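There are 2 protein chains.
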Amino acid sequence: MTQDEESSINQISFTWPKGFYNDGIKIGLGTVDKKDFGYLFSQVPAAAAGTYTTNKFQAAPTKLTKETINVDHKLQAVILNSAIANSCTGAQGTKDAHTEQQWLADALNIDTNLVGVASTGLIGAYLDMDKIKAGLPKLQPKTGDDVSQAILTTDKKPKQACVQVTLDGKTVTITGFAKGSGMIHPKMATMLGFVTTDAAIDGDLLQATLSAGVDTTFNQITVDGDTSTNDMVVVLANGMAQNTELKTTTDADYDTFAAGLHFVLGELAKQIAADGEGATKLIEANVTEALNPTEAQSVAKAVVGSSLVKAAIFGDDPNWSRIIAAIGMVDATMDIDHVAISANGIPLVKDSVALPFDETMVSESMKTSKVTIDVSLNSGTATGQAWGCDLTYNYVKINASYHT
Amino acid sequence: MTQDEESSINQISFTWPKGFYNDGIKIGLGTVDKKDFGYLFSQVPAAAAGTYTTNKFQAAPTKLTKETINVDHKLQAVILNSAIANSCTGAQGTKDAHTEQQWLADALNIDTNLVGVASTGLIGAYLDMDKIKAGLPKLQPKTGDDVSQAILTTDKKPKQACVQVTLDGKTVTITGFAKGSGMIHPKMATMLGFVTTDAAIDGDLLQATLSAGVDTTFNQITVDGDTSTNDMVVVLANGMAQNTELKTTTDADYDTFAAGLHFVLGELAKQIAADGEGATKLIEANVTEALNPTEAQSVAKAVVGSSLVKAAIFGDDPNWSRIIAAIGMVDATMDIDHVAISANGIPLVKDSVALPFDETMVSESMKTSKVTIDVSLNSGTATGQAWGCDLTYNYVKINASYHT
Chain G
1 MTQDEESSIN
11 QISFTWPKGF
21 YNDGIKIGLG
31 TVDKKDFGYL
41 FSQVPAAAAG
51 TYTTNKFQAA
61 PTKLTKETIN
71 VDHKLQAVIL
81 NSAIANSCTG
91 AQGTKDAHTE
101 QQWLADALNI
111 DTNLVGVAST
121 GLIGAYLDMD
131 KIKAGLPKLQ
141 PKTGDDVSQA
151 ILTTDKKPKQ
161 ACVQVTLDGK
171 TVTITGFAKG
181 SGMIHPKMAT
191 MLGFVTTDAA
201 IDGDLLQATL
211 SAGVDTTFNQ
221 ITVDGDTSTN
231 DMVVVLANGM
241 AQNTELKTTT
251 DADYDTFAAG
261 LHFVLGELAK
271 QIAADGEGAT
281 KLIEANVTEA
291 LNPTEAQSVA
301 KAVVGSSLVK
311 AAIFGDDPNW
321 SRIIAAIGMV
331 DATMDIDHVA
341 ISANGIPLVK
351 DSVALPFDET
361 MVSESMKTSK
371 VTIDVSLNSG
381 TATGQAWGCD
391 LTYNYVKINA
401 SYHT
Chain E
1 MTQDEESSIN
11 QISFTWPKGF
21 YNDGIKIGLG
31 TVDKKDFGYL
41 FSQVPAAAAG
51 TYTTNKFQAA
61 PTKLTKETIN
71 VDHKLQAVIL
81 NSAIANSCTG
91 AQGTKDAHTE
101 QQWLADALNI
111 DTNLVGVAST
121 GLIGAYLDMD
131 KIKAGLPKLQ
141 PKTGDDVSQA
151 ILTTDKKPKQ
161 ACVQVTLDGK
171 TVTITGFAKG
181 SGMIHPKMAT
191 MLGFVTTDAA
201 IDGDLLQATL
211 SAGVDTTFNQ
221 ITVDGDTSTN
231 DMVVVLANGM
241 AQNTELKTTT
251 DADYDTFAAG
261 LHFVLGELAK
271 QIAADGEGAT
281 KLIEANVTEA
291 LNPTEAQSVA
301 KAVVGSSLVK
311 AAIFGDDPNW
321 SRIIAAIGMV
331 DATMDIDHVA
341 ISANGIPLVK
351 DSVALPFDET
361 MVSESMKTSK
371 VTIDVSLNSG
381 TATGQAWGCD
391 LTYNYVKINA
401 SYHT
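Chains G and E supply the protein sequences, listed in that same order. If you use the UniProt record's numbering, the first sequence corresponds to residues 1 to 404, in order. If you use the UniProt record's numbering, the second sequence corresponds to residues 1 to 404, in order.
Isolated chain G, as found in the complex (with noise of 0.2 Å):
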């Protein structure tokens, strides 16, 4: 993003574009006393375009939000829900997302390929009908952050973002929501994220738009390594914010669009990411002079995931060589006598070769809620940043406590 493009961003507290509402309930589904079960809409279809899970075992209601997004693009309400994530649940969980989008097209006398579905929680439970059927005409048209927290899990708290950008002398308002905090719970169905924005924009350039988004924000965070089988994010825009329809990359105002989304979806994904199980810290890896945007990535990933420099960054450890190790596993151009690394902006490798820093300095420097990395493969010009969190005591009494 240029200079240009980030100072037209102006982040603003939680709000809704225009014709956006919502509600968040609790209904029972699970055990935790928690608003579980939501509604999403939108006065007129909007366009919307999603990217999903590439876990095999797709969630039958991200399956079916995929399908109906991809009839035209174009999406009016989401039915969402916490608790059950209604994965690996056969042809009974297929058959109840329907069943849930039928409910709720009829609710608000829509069609059915206007509604998208979402859940989250166990993975092989089913989804209790009589208790949405029943839950369904008590959700109101409101304008607070409910839904927001009705799809929590054991997230320690909502993922919000919202900026404002001007896009043909109109204010367009970008808000999103997500949860997400790794599988928290044993059997829990992870990451959602939902963005709502007033733009007006054709249905497949908010497709292109979103996935371009997604590969440098959410698909470049990571917890532990374990893709769900529910991750979704959905992106409705519904053009009440009256600019002039985007329709192509070379539009004038496009470009400020898609750094509006993409700040949003950034800020989303560092939530998650600090909010993963256990974590005490979030790490960020900033990669420079890499060959190409996709090997920066490839390598600011490869740092944040390690579970050698996640362990090493809890216990405040400057531990460059594990840093290095992980660098060298990625299959990237790397020029493998001059790499320089930095931990929170002190020097601690250059030209592959430990420098001397004093330890300790650098060791309180880490006593922060935020670590940043900084690697150079001296092989070009490109960037790339990853997002993750450190590896504590508690992430795995959470993911082992099965007995407590």
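Just so you know, these hints were derived from the structure itself, not from any lab. Being a predicted model, the structure only gives us computed values, none of them experimental. Some hints here could point you the wrong way.
[Unchecked claim] Label-pair restraints from in silico Cβ distances:
1. THR383(G) with THR372(E): 53 to 61 Å
2. GLU364(E) with GLY90(G): 22 to 30 Å
3. LEU291(G) with ASP72(E): 35 to 43 Å
Glycine included, each C-beta is placed from N, C-alpha and C at the ideal position.
Given the structure of chain G, go ahead and fit chain E onto it with the hints provided.
Relative to the frame of chain G, chain E by itself:
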């Protein structure tokens, strides 16, 4: 391996093949009170083969041994040390490795091209060449297992395997030793494996046999997904068993030799996985009904490599949903509606949906030093295996304990 091949392999207690001698002594390269320096040699030049880390930051001794073996696939001796990995040590490290090679060649009065060099320990630290020079004359041609102790760093025990097979009417001994349990200390560079045999076999054929054997053994273990800069497996075959030299894979006794070597490689690999840092359990994944062996191995390795599966097994949790999620991440052919999973022989999943099973009983069955996960992909007849270990509090403690 066929039943027939397996039955022709006799596992025996630790014994060197004819003509191999070794020693291991303490010269004080590190701070730990243990043997840290040694050698291995054969009365006569041996056919030699090696496989080496794919990490781009290959350590100086690893690089030198590779170059040396590649000259004409012959070695007669190896000089080894623990405590210092001689990795990320630049030009000085390369010079030191060459000096070690020259010194041992001079001491044994053999060509430098017959001497391999292996180091394991701290990355980024330099060898104390004075101590090595002073230690060299103290090494004696012994027949105990000292060298297998001298290469250990913080392994809990030596890894050893020994079998005898009959080739051409002659008894052939195949004896291996290895070290490695993750990068158990900050900056430890890790895995080394050596196999000696008195079989007569051509060097190129030995290389092909080793490479194939490593693919399904050492390359199928994972402790934490991090690949060291010093990994290497070397085989020496000195021909002193006086069997007719094996020259092609179609030779009558070739399959028997290959099966024996494979058995030794497999045993060493499993011992390394079981002694993974912090580990309390060996995890074995057996994949069946895959399209081809490569895909079967990929799926098996994904199962034993998943942090969530590893943590669940530490907690005696028969968490099939994490196993199916790990399987679904692999780019392999699978019948997504007909996958089956068992733990310790108890069926958990059939047709990709959970079976009713007694969780307490399965959990009780997992309270052992080895947990077996069987996966059927319903897509062919190929099989594959992989081995790993559980993810424990001690893994985090060991790798985060910079300040202790």
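Tell me the hint numbers this structure goes against, listed in increasing order. Number 1 only.
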